[in-house]
Amino acid sequence: MLMTITMKGTNTQELGYLLHKNPYRAQCFDLSFGKAYVFYTEVTDSRTTAALLLDLNPIDLARGKIGSKDGGLFDYVNDRPYVSSSFMSTAINRVFSTAMNGKCAKRQELADTALDLEATIYNLPVRGDKELVNEVFEPLGYDITIRESILDEKFTQWGNSFYIDLTLSGQLKLCDFLNHIYVLIPVFDKQKHYYMSEEEIDKLLNHGEGWLQDHPKKNTIIRRYFDMKRSYANKAIARLLEAESETDREDAEGQTEQDEISEKRIPLNTQRLEAVRNAVIQSGASSVLDIGCGECRLTSLLLREAQIRKITAADVSVSVLERAKQKLNYDRMTPYLRDKLTLIQASLLYKDKRFEGFDAACVVEVIEHIDEMRIPLFEKVLFGSAKPKTVIVTTPNKEYNDNYPTLANGDLRHKDHRFEWTRPQFKTWCEHICKDFNYTVTYMDIGEVDEACGTPTQGAIFERKDV
Amino acid sequence: MRIEIPEFALVAMIGATSSGKTTFAHKHFKDTEVLSSDFFRAMVSDDENDQTVSKDAFELLYYAADKRLNYMKTTVIDATNLQKSARQQVLDLARRQNVHSVAIVLDLPEKELTQRNKARAERGYPDRVIHSHYTSLQRSIRHLKKEGFRFVYVLKSQEEIDSAEITRTKLWNDKRELHGPFDIIGDIHGCYDELVMLLRKLGYVKNERGVYDHPFGRQAAFLGDLCDRGPKNAEVLRLVMDMVKSGSAVAVPGNHDVKLLKYLRGRNVMRTHGLDITVSQLEAAGDDFKKEAADFIDGLVSHYVLDDGKLVISHAGIKQEYISRGSMRVREFCLYGETTGESDEYGLPVRLNWAADYRGRAIIVYGHTPQSEVQSLNGTYCIDTGCVFGGSLTAFRYPERECVSVKAQKQYYEPVKPLNDVHDASEPDDMLTLVDIGGKLYLQTKLMPSINIHENNSAAALEIMSRFAADPHWLIYLPPTMSPCKTSELDDFLEHPLQAFEYYRNHGVKNVVCEKKHMGSRAVIVLCKNNDTAAKRFRVTDGSKGIIYTRTGRQFFTDNTIQDSVLDRLDTVLTKTGFWEDFKTDWVCFDTELMPWSEKAQELLEKQYAPVGRAGRDGLTAATEAIKKLCKRKNVQYELPEGTSGQNFDPNELLAEFEQKKDSMERYVDAYREYCWTVRSVDDLRIAPFHILAAEGQTFGNIPHTWHMETIKKYCAGIDDIFMATDYITVDVTSDESIESGVSWWLNLTKNGGEGMVVKPEIFTTKYNGEIIQPAVKCRGREYLRIIYGPEYLIPDNLKRLKSRSLSRKRSLALREFSLGMESLDRFVADEPLYRVHECAFGVLALESEPVDPRL
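Protein chains in written order, with this note's numbering: chain A, 1 to 467; chain B, 1001 to 1856.
FYI, nobody ran anything at the bench for these hints, they're computed from the structure. Do not rely on the hints blindly, as some may be mistaken.
Pairs of lysine-lysine, BS3-like flavour, derived with a Cα cap of 25 Å [what the hints assert, rightly or not]: (1) A:K380 / B:K1629; (2) A:K229 / B:K1607; (3) B:K1446 / B:K1310; (4) A:K154 / B:K1751; (5) B:K1751 / A:K35; (6) A:K325 / B:K1440; (7) B:K1440 / A:K35; (8) A:K35 / B:K1632; (9) B:K1607 / A:K154; (10) B:K1607 / A:K192; (11) A:K353 / B:K1440; (12) A:K35 / B:K1417; (13) B:K1629 / A:K8; (14) B:K1628 / A:K35; (15) B:K1206 / B:K1145; (16) A:K415 / B:K1067; (17) A:K353 / B:K1584; (18) B:K1803 / A:K8; (19) A:K435 / B:K1417; (20) B:K1607 / A:K130; (21) A:K35 / B:K1803; (22) B:K1600 / A:K415.
Ranges of calculated distance between the beta carbons of each label pair, as one might list FRET restraints [to be verified]: (23) A:T342 / B:D1162: 33 to 43 Å; (24) A:E135 / B:R1633: 17 to 27 Å; (25) A:K415 / B:S1681: 52 to 62 Å; (26) A:A408 / B:T1678: 47 to 57 Å; (27) B:S1681 / A:R309: 57 to 67 Å; (28) B:T1541 / A:T156: 39 to 49 Å; (29) A:E431 / B:T1575: 35 to 45 Å; (30) B:P1349 / A:E431: 47 to 57 Å; (31) B:S1045 / A:K415: 52 to 62 Å.
A few chain B residues that face chain A, going by a derived Cβ cut-off under 8 Å, partial list only [what the hints assert, rightly or not]: (32) M1001; (33) D1430; (34) N1635; (35) L1654; (36) L1655; (37) A1656; (38) I1788.
The model shown is predicted, which means the values in this text are computed figures rather than measured ones. All C-beta atoms in this analysis are idealised placements derived from N, C-alpha and C, irrespective of residue type, glycine included.
Please construct the entire structure, taking both the sequences and the accompanying hints into account.
As structure tokens, this is what we get:
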């Protein structure tokens, strides 16, 4: 919403030349998303402050502009009009574009000189660790002042808001100063108000020229800049690295967000899938039901096994199945593979004829997503009614969570986990299955072994007794 | 010739080409009943004579025939059917579909056939074809009965063909015209004394001919297994035969009766399982009696369909797809049931649980498997309570659906498996199947005849139900969405009571009830007096005695101890106020609002509402400070000649604008804070029940809302602070004075941020011009709406834009969801099976997945 830029020293009124905005006027610019006001709050010889104030209409944001057919992208109750977001970056680029390019016909030598500058960005949203602000700006040579605020002073238990008022001061050229701010606002906010095309990569590299290449937090900056568009981030990183592109891309794919948990790292997941695949093969199964198939990573492993003639991959979420289809390249699969595979939406809590008649069923990291009180129903559907000869179940081993520093106070590994079982709890459950549904069980330990806590994933292979 | 065929049959026309099969078929059957091979040849190839496509044509023909038979539609296969293999296909289909097969043969002399063939210019065949057809037919005719056709009619001349008349006779099991009321009596097994006691208890008396009948014309219905094992088999047979003969009873056979019949007909049968007792008693009764008994049993039909198809009786039960059908397989099922081929630990066959899959609307009453008490599942009732084994003899009264029993006087026979065996007491398997709710759904409700649920909506609901919802046994109701009133014509308001009143006035309603809208979260509470009721009435056996769930069926409190504590406290209140006695119920379901809002909306508050308030207040403060500094500067020119780049603005105007925004923001923050308070314990919660949805045997949708309000005040409020009554007034929407008072009541309610009110017609389920109208319309307060439409919504330009909004989609959804909600309660109260209740709750959830403006 508001940003101020202050020049200190002598003859600071010259800031007006550098910004191409007359200090003795108050100007208003129409932008596609609202209005930008540029004015000066202080003009003295030793100190001149320019302000850029945005006025966004929340109804426009929610409904689209008057006359436009498309609805807006935002809720009516929305922080965008009041914070410094990508709207601010865009406004800087519009209103101060000449200054950003480092051009100043009347005072070029001043534009090329490092000046004593200070900027305050009001209500900058910082998602995640606020330490990132220091890590990003310090290497660029700034002194940093951060003002934090409590979310609601009447409800102190809600903690601090994720907005900060950020004051940066340093000796820099104005154009560098503006480019830093322009690029870095959305890096902290992790949101953009417009659709990103691939041109955005050029834009980033262009505005990052001369400082992004050698920035120690380069990868973090780029990934957060593109937030959801990870592929763009990889391409941007690759273009900065040029030759090393291939290996590094792999790396970037595999790297997880800091605030995610290392359980999600590919290595454990791969180990788990390998273990399950081996168990399926060893059971001699030729038909497999992959329940809670997610994006079909296990299914695609099993599809490559000659022993497996038929796979049904089931998930309760239609959108997940759509993603699975894309990952499997389902529409372009050979008829041979397509005949092997059936993708269905199904629920573990409704009896389903389509679950019947399989040699093996895999329930990999699924049961912990079911409310514990509904587990008995799941048992009846799978073990009581579908009755596959072999059932392979994996689930997190809660004891191992001690090894995850982020799970200090008994938190579960995933927001949607309804429970996580210790090894004895899992064993008790497995024994109950064997007794009540006539199965035998052998156990699997998956992942790195910790002497005290076991492995991160625990698994069980059930075999029906009467087969 | 008179040709009699069963009302439901699969008919094969048999005859050479040119014998007039098609003409005959269309003369005597509906066009849609006749499936002709010519027609299907044309369907696949455009040429009805193209013999090369016959294989595909017949595949299609039999596919269509199969579908028709699923719906119990008589079907005629119009083809030559001269080859045995062709007829075999007809017979296989008949067997698979358990339908009687009929052969109608047109057997004309070869000469006539040849002449006719010649007359057919286009599709004439060579004479040798006619000859070969003719000879095939001659070879076939006498084998037809043996091949398996149940009825065979041969017409030997054109005269016979012309004069033939077809009559369709009712199926033997079809007794739809009998409406009872019935007293259906389970397995008697020679327990004569108990039978007499039971009949007397049911009100039957011996008439002058010594036969029991009922003074009010009730009819007894015997489920078979009259004899064996018990003490007085001949007496039982005598009594039952007399009642059936006199019309005061109907009967179906049991497996023991059929075995007795075999003995009586002189077949060699093992005299085990108590047959020896019956045999010795019948031998003593003499040959006349034996013959009468044999003829009686022989005349019994496997099962009966009674009372317009609403009731079915059968000894061992009946699968849905066998009802009304006749075949050996159906008969066997009705006598013996279906077993897996496995045995249990007593060596008894393990029975397949056909009732778990039963989804029909007819009630099925059956016996055969002794249980310690009557077992009901999905509208089926097993009423064999093992009298001969020392249990009791039970009658099921229909349509009352009550059971009447007399205890056995002693154990007459040692059961292989004890009646109250724990392994047998497995909970009834009413597991829901995907078939019940998957794909496109057509739901029928009393308030709206047919509600369609699209496939993608049911797919979304399946995900939500599976991932988040509580045990479906508890979900006897999901609340509908509610539409706001139309936007106001007044300058300062987006919503105003006048439009709500107007809606009801325009829909024929005079009196409305205005209820204060609590700003909390919707919570449905189901409470049983104890966990025994929960197990019996709701089939929830995890020991809980109730639940509190959200509008999407998710358990409200993740912490069970909080839920249990609230439920216990509600139970205490209802017990103190005498609710349980006064309502003669041991469970109840309330629609409530649970406060504070922050309890459920914490994430929304912390991620959206509070941040906007923080950013807004700080940002606007910083902005106004900056503008003020600008205003204080002396030498700024904002009036410049035209042509200068950029537009100039007046700082004082801008300041005023931003001061207004800042003020709006403060009010917005006040508004949301109103609905938040910290909950440290259950004591900090507030629950306002506003509707009594259901209790045992009753729903309350057609009782005025004023009754609900007063009854809730009387029974729920004033004892425990967490339960509160809801303020309300009534308004006569045809009286200006009354409207005036309604408006000022609302203004008062909302001036400090109150959410507003809900306006309801006096009676919930009100119809206008035969169609259900909105059961409620909300009218939200001016300040409250800031948290819906944003802090700045009242700024005139913004308000003007917001006033154009469409309600039709929201209102249509509200009606459909309301109808489904009421329906599910009705079904649950009527003791309908889980799948019938669940499909309604599921439907509401599916409809909720339709995209609609969330701010309405």
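Hints versus structure:
1. A:K380 / B:K1629: Given that 25 Å is the threshold and the Cα spacing comes to 72 Å, the pair is violated.
2. A:K229 / B:K1607: holds (23 Å)
3. B:K1446 / B:K1310: holds (18 Å)
4. A:K154 / B:K1751: holds (21 Å)
5. B:K1751 / A:K35: violated (33 Å)
6. A:K325 / B:K1440: Judged against 25 Å, a Cα distance of about 23 Å means the pair holds.
7. B:K1440 / A:K35: violated (49 Å)
8. A:K35 / B:K1632: With a Cα-Cα distance of about 22 Å, the restraint between A:K35 and B:K1632 holds, given a limit of 25 Å.
9. B:K1607 / A:K154: Between B:K1607 and A:K154 the Cα gap is close to 16 Å, so the pair holds against 25 Å.
10. B:K1607 / A:K192: holds (18 Å)
11. A:K353 / B:K1440: Holds: A:K353 and B:K1440 sit about 18 Å apart, inside 25 Å.
12. A:K35 / B:K1417: The given pair, whose Cα atoms are some 86 Å apart, is violated under the 25 Å limit.
13. B:K1629 / A:K8: Holds - the C-alpha atoms of A:K8 and B:K1629 are around 18 Å apart, at most 25 Å.
14. B:K1628 / A:K35: holds (19 Å)
15. B:K1206 / B:K1145: Answer violated: B:K1206 to B:K1145 is near 47 Å, above 25 Å.
16. A:K415 / B:K1067: It is violated: about 48 Å lies between the C-alpha atoms, which goes past 25 Å.
17. A:K353 / B:K1584: violated (42 Å)
18. B:K1803 / A:K8: violated (50 Å)
19. A:K435 / B:K1417: holds (22 Å)
20. B:K1607 / A:K130: Holds, at roughly 17 Å.
21. A:K35 / B:K1803: holds (24 Å)
22. B:K1600 / A:K415: holds (17 Å)
23. A:T342 / B:D1162: 33 to 43 Å: About 56 Å separates the Cβ atoms of A:T342 and B:D1162, which means 33 to 43 Å is violated.
24. A:E135 / B:R1633: 17 to 27 Å: Because 38 Å falls outside the window, the suggested range is violated.
25. A:K415 / B:S1681: 52 to 62 Å: violated (26 Å)
26. A:A408 / B:T1678: 47 to 57 Å: violated (25 Å)
27. B:S1681 / A:R309: 57 to 67 Å: Between B:S1681 and A:R309, where Cβ atoms are some 59 Å apart, the hint holds.
28. B:T1541 / A:T156: 39 to 49 Å: This hint holds: roughly 44 Å between Cβ atoms.
29. A:E431 / B:T1575: 35 to 45 Å: holds (41 Å)
30. B:P1349 / A:E431: 47 to 57 Å: violated (29 Å)
31. B:S1045 / A:K415: 52 to 62 Å: holds (60 Å)
32. M1001: violated (47 Å)
33. D1430: violated (10 Å)
34. N1635: Constraint on B:N1635 satisfied, holds at 6 Å.
35. L1654: Holds, about 7 Å.
36. L1655: violated (11 Å)
37. A1656: Since chain A brings no Cβ nearer than about 13 Å to B:A1656, farther than 8 Å, the hint is violated.
38. I1788: The hint holds - B:I1788 has a Cβ within 8 Å of chain A, the shortest such distance being about 7 Å.
Checked against the numbered hints listed earlier, the structure breaks hints 1, 5, 7, 12, 15, 16, 17, 18, 23, 24, 25, 26, 30, 32, 33, 36, 37; every other hint is satisfied.
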